[in-house]
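Respectively, the protein sequence lines represent chains L and P.
1 is the number of the first residue of the first sequence in UniProt numbering; add one for each residue after it.
1 is the number of the first residue of the second sequence in UniProt numbering; add one for each residue after it.
Simulated from the structure, these hints should not be mistaken for laboratory data.
Incorrect hints may appear among the rest.
[Claimed, not checked] For each label pair, taking beta carbons as the anchor points, the in silico distance ranges come out as:
1. Glu234/L to Ala224/P: 52 to 58 Å
2. Thr358/P to Ser449/L: 20 to 26 Å
3. Asp376/P to His217/L: 20 to 26 Å
4. Thr360/L to Gln370/P: 33 to 39 Å
5. Glu234/L to Thr295/P: 45 to 51 Å
[Said to hold, decoys possible] Taking lysine-lysine and the BS3-like style, the derived pairs with C-alpha atoms no more than 30 Å apart in a straight line are:
6. Lys386/P to Lys155/L
7. Lys438/L to Lys490/L
8. Lys626/L to Lys706/L
9. Lys572/L to Lys626/L
10. Lys374/L to Lys80/P
11. Lys255/P to Lys308/P
12. Lys374/L to Lys386/P
13. Lys630/L to Lys620/L
14. Lys162/L to Lys274/L
15. Lys336/P to Lys255/P
16. Lys616/L to Lys626/L
17. Lys155/L to Lys20/P
18. Lys336/P to Lys386/P
19. Lys438/L to Lys623/L
20. Lys308/P to Lys257/P
21. Lys414/L to Lys402/L
22. Lys255/P to Lys402/L
23. Lys386/P to Lys363/L
Note that the Cβ used here is the ideal one computed from N, Cα and C, for glycine as well.
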Amino acid sequence: MSSKGKSGASSAKGRKPRAGGGGGESKSEDVLQAVVLADSFQDRYRPFSIEKPRCLLPLANTPLIEYTFEFLAMNGVSEVYIYCGAHTEQVEDYVSRSRWSTASRSCPFSVVQFVRVSDARSIGDVLRDMDKRSLVDGDFLLVHGDVVSNLVLDKVLAAHRKRREESAANIMTMVLRSGGPGSHGTKTNAITPVFTIDSRNKRCLHYEEITPLQSDHYLTLDPAITDELSTDFEVRADLIDAQVDICTPDVLALWSESFDYDLPRRNFLHGVLKDWELNGKMIYAEVLEEGYAARASNLQMYDSVSSDVIDGWTAPFVPHKNTSSHGSYTLYDGALSMEDGAFSAPDAVVTRSIVARGTTIGKGCRINNCIIGKDCQIGDNVVLEDCYLWNDVTIGANSVVKQSILADTSMVGKNCSVTEGCLFSFGVQISDDITLSKGTVLSTINASSEPVAKDTQLLGPNANAARFVDVCYETEDEDYDDEDPSRLQKSLLYNIADLNLSQSSISTLSSEIDDDSDSDAGGFAADAASSRSRLSSFASDDSNRGGAFHSDAVHGILDALRGGSGDFDAAKLEFMGLRLANDASDLMMRKAVATAFARRAAELLTPEYGSLEPSKAAEKALKTRKGATKFIEEVGIGGEEAEQVEYILFTQRTLFHVKDPRAGTILAALLQQLYAEDVLEEEGILGWWADERAEESEGLKGLKEKCRVLVEWLENADEEESSEEEED
Amino acid sequence: MPSAVPGFAPTLDSYLRSLKGHAHLDLTIQSLVDLLKRRQISGPEDCALATANCLRQVVAKSKWTDADTLLANVSRAGSKLMRARPNELVIGNIVRRVLGLIRDEATEDRNDGAPSETPSEGQMTPIGEMSQSFHSSAPTEAPRRPGPVGAASSANIPRSLSMLLSAKDVADNEGTISPFGNSGTSTPLHRTTNSQVHALRSEVINGIQEIIDEMGQVDDQIAAHAEVQIRPGDHILVYHPSPTVQRFILRAAQKRKFTLLIHCMPQPRGATGHDNYRALRDKLKSQGVQSIVMTTGGGMSYMSRVNKMIIGASAITANGGVVSENFSTIVAAAAKHHRVPIVVLAGVYKLSPECPYTQETAVEFADPMQHVDFSDGSLVHAVEVKAGLTAFLPANLIDTYITNLGTHTWEHLSGLISDHYAEEDVNLHLKAPQDA
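Chain L extracted, bound-state conformation (with noise of 0.2 Å):
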């Protein structure tokens, strides 16, 4: 195996380009092959991957799946295998029509084949056929066909092979893309991947993917890391992955051996890493620091990486490089790149974006970090800001469009307002003066592709599309959860603002409690009345699920108590029904029903519900409705003194992050109410006040501060024997 030898280039050039189709012939080592995975098996470019692969959606006018072959050329890759999955003909009639074909004579691949796998449900069972057929018997780069970069491979591919040929074990070398700390465009939302890498070897030792929706932010490392594999490791989290993969024919083997892996990196590498004592296989990251990778492998790093594009960190994959076969594009100032045959009015304010041939931009517009397709007509003193039009779209007079996506021949009419994170699929239409709102998603047709009934009260009489509603995880697919954190790259926004989420870090534990990170004063009214909570991780173990519970469970109660009067028993039916069909533990039960009420209590507070005084709230949150603190006592509570200590630690911490100057007050006068309805106990309220964790940080202590008087009122009333003093 000498490392030595002939350039992949020439001995591809200096070969006649055959056919496709010969497969397990034996190749020499000199020949470098690629596996193109143009289906993700993902549906993050809804309503667009409907009637279209994802591959051949345009990025900066150019298809995506461009990217990846003049990727795949300018590292000498000769060999070809690409997997479409859905829409396989549109992707094989694009391909063999382009000048990648092997039929063209400038093809610079000598084999460009199409592998077919029928009922292929997953990344992994593609490559686990792809073992079955053994095409692949060298080294090949795996990569997707929605990358885009401009790495050169040739120092990792030596690195690699040096590698292997020290050991076999050592089968695959990912190329990753530091990002730097601190939040970078290019990064992906909602998934961090988190490497473990050997700073001497480069060995990857732990694969983890971390996301907002998590409420424990901590990794859980094999202490065998320590203790055997490594002395000097980084963890970092700072990485762009493009999945851009060197591997060995053994990584396919090691696919099939494992039939349950179905995502190269959260399955196949978190479990290759993970069981490295049983299959003795070794993974390898090399970090680059120099040029570009990256995946648009949502509509989020779709619009990251066209502003790269349009930024020229992609060079020479930009368009006034003209690298793309077709196209003759000229950089003005402003980074607007105008490709011949492009008419601007001259007084239309174009900056930072991409303008096509045929397109004509009328009088007076301003467009701002836009990119625009071939054949657009765009009317007079439009507004265009963030958005991509593809081909042949038509935008009325005076309409204002931001921050979207409109697909090949959509239509919008005049004075329309479209607003941040719509996407129009093809061919969609809208009247004149159509104001949509945030977010909206529009199509001709559904999810299983047929017509729609048109929606002309929302779009105008004019129109032919209606909102595009992803039945597919409505209906078909049972493992939808809500805390799926690829939910968060379906839209072309990223936003978490209104979201649950935890704020749970290693060193606080004062914020694994209920946290809402509102500082400012008028937060917390509002926030109870947006019926806004958060995830709560105090027992991280079911803080998945116990999240959803959680914050269901407080809406509930807090939904009951506001009712007004009534009995409570509906209340508390609906929450033994919650907590039935969520399995939630005695603990987060307790922890819910503390919250509510403290919630309740605190809210009473505001001038909203009326301003009382502490006393009075806490004695309205209670006993307004019937049959309230019974359900603490049995429900909340249900035992004896630790419960009664968790139940009052629960309430603590709530009233903390109510930032209130009385919520100690409001904590002394529940805990009294409590008492005088024999729901605590004496030695619940004195168990609590001698438990360190009602002290852990300084507010939490404040708030126990407060209470004093009742303690100590307590532990009097204790030595006496008697209790029938009034206090207040």
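Mind docking chain P on chain L? Use the hints.
For chain P alone, coordinates are given in the frame of chain L:
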């Protein structure tokens, strides 16, 4: 330039090696177009070398039975290459040189009395007008010249001139030229016989080889003028010296004791710029020549002591402007202010009959990644990075041009251009066919 790791990514080397194989001609052309577009071949020297090699393949492999078809083939391939990198003027220069070569050889082979059917231009102007009117700086204005006798003879002069200066023995090639004027066969082009095609093919291929050889010798030939230009005790200013300039300086250092001021801009992204010239400085030191490295504005304070500024050109445009390193315009302007003579070094193959630039535009822009770290997320989507890679020096800044043919002033350039390029090919870049 042997790379340490044998890689898969195509380079100039691997491209030249691939030409020895039996790849289809379309692939040969398209691969070069790709390499040029992706900047995997860059720099005027490499681009010119690759272009000449590619065109040799076109001559050798494309189907043609007469010179007109060959001219069409070459200009079609050539304009593809030119469009791949419109700012690399040498590509166009090489294409035009090859076209001119074909015209010359074809004219020699046929009856000198018969008017040639040039594939492009039917416009005829008197020959005499050419030599005077061609001083016009705008080549589009220049009158066109017909193919026959005059063209052949005037095109022959520079060839022999260059041969006189070139170290290579070109005796056999002279032999193919000399039949000029003595043939009585009035064979029209389209009826060229097989053997004539064969002869033309080998003549043209030889001619291209000559151009390639010329490119290899350019630096040496330019360096031969070093002793004349650099005198003892001089202070010589160079700005980011190119290999040509370095060779020139080192040659001078063998005979002369002078002081070299190396002016560099701080390299982007923390790379140490002056270390690039460590080897040059060590060699100079061993010859006893002092060298000083300056960055940014430091150069200006030395300017009053500088006797001469030497600039390596990526290209010389028809009007005498020079494409060179970014910021060299500023340094040159400062030198001009101090009345420092500015000398430009360039092989004659870098002299272009086009002049597409004005002073205002940087010729090519650098990738933003060279200047800003992509992992700095706060900058990446917030700033537009626009940094020139090459700059245009207008002709009024430049005093002397040194090519492999000798030392020239601005007035000589138009003569050089008309010597090297056939009139029909000057506007090649304007009539690029729009075929896919």
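Hint by hint, here is what the structure shows:
1. Glu234/L to Ala224/P: 52 to 58 Å: For Ala224/P against Glu234/L, whose Cβ atoms are near 56 Å apart, the range 52 to 58 Å holds.
2. Thr358/P to Ser449/L: 20 to 26 Å: violated (55 Å)
3. Asp376/P to His217/L: 20 to 26 Å: holds (24 Å)
4. Thr360/L to Gln370/P: 33 to 39 Å: Holds, since Thr360/L and Gln370/P (Cβ atoms, about 36 Å apart) stay within the stated range.
5. Glu234/L to Thr295/P: 45 to 51 Å: violated (35 Å)
6. Lys386/P to Lys155/L: holds (29 Å)
7. Lys438/L to Lys490/L: Measuring from Cα to Cα gives roughly 14 Å; hence the hint holds.
8. Lys626/L to Lys706/L: The given pair, whose Cα atoms are some 28 Å apart, holds under the 30 Å limit.
9. Lys572/L to Lys626/L: holds (11 Å)
10. Lys374/L to Lys80/P: Holds, at about 23 Å.
11. Lys255/P to Lys308/P: holds (17 Å)
12. Lys374/L to Lys386/P: Cα-Cα ~26 Å, so holds.
13. Lys630/L to Lys620/L: holds (15 Å)
14. Lys162/L to Lys274/L: Given that 30 Å is the threshold and the Cα spacing comes to 24 Å, the pair holds.
15. Lys336/P to Lys255/P: Within the cut-off at roughly 27 Å; holds.
16. Lys616/L to Lys626/L: The given pair, whose Cα atoms are some 16 Å apart, holds under the 30 Å limit.
17. Lys155/L to Lys20/P: holds (26 Å)
18. Lys336/P to Lys386/P: holds (27 Å)
19. Lys438/L to Lys623/L: Given pair Lys438/L, Lys623/L is violated - Cα atoms ~43 Å apart, limit 30 Å.
20. Lys308/P to Lys257/P: Distance of about 14 Å is within 30 Å: holds.
21. Lys414/L to Lys402/L: Roughly 15 Å separates the two Cα atoms, so the pair holds.
22. Lys255/P to Lys402/L: Given that 30 Å is the threshold and the Cα spacing comes to 69 Å, the pair is violated.
23. Lys386/P to Lys363/L: holds (28 Å)
Of the numbered hints listed earlier, those contradicted by the structure are 2, 5, 19, 22.
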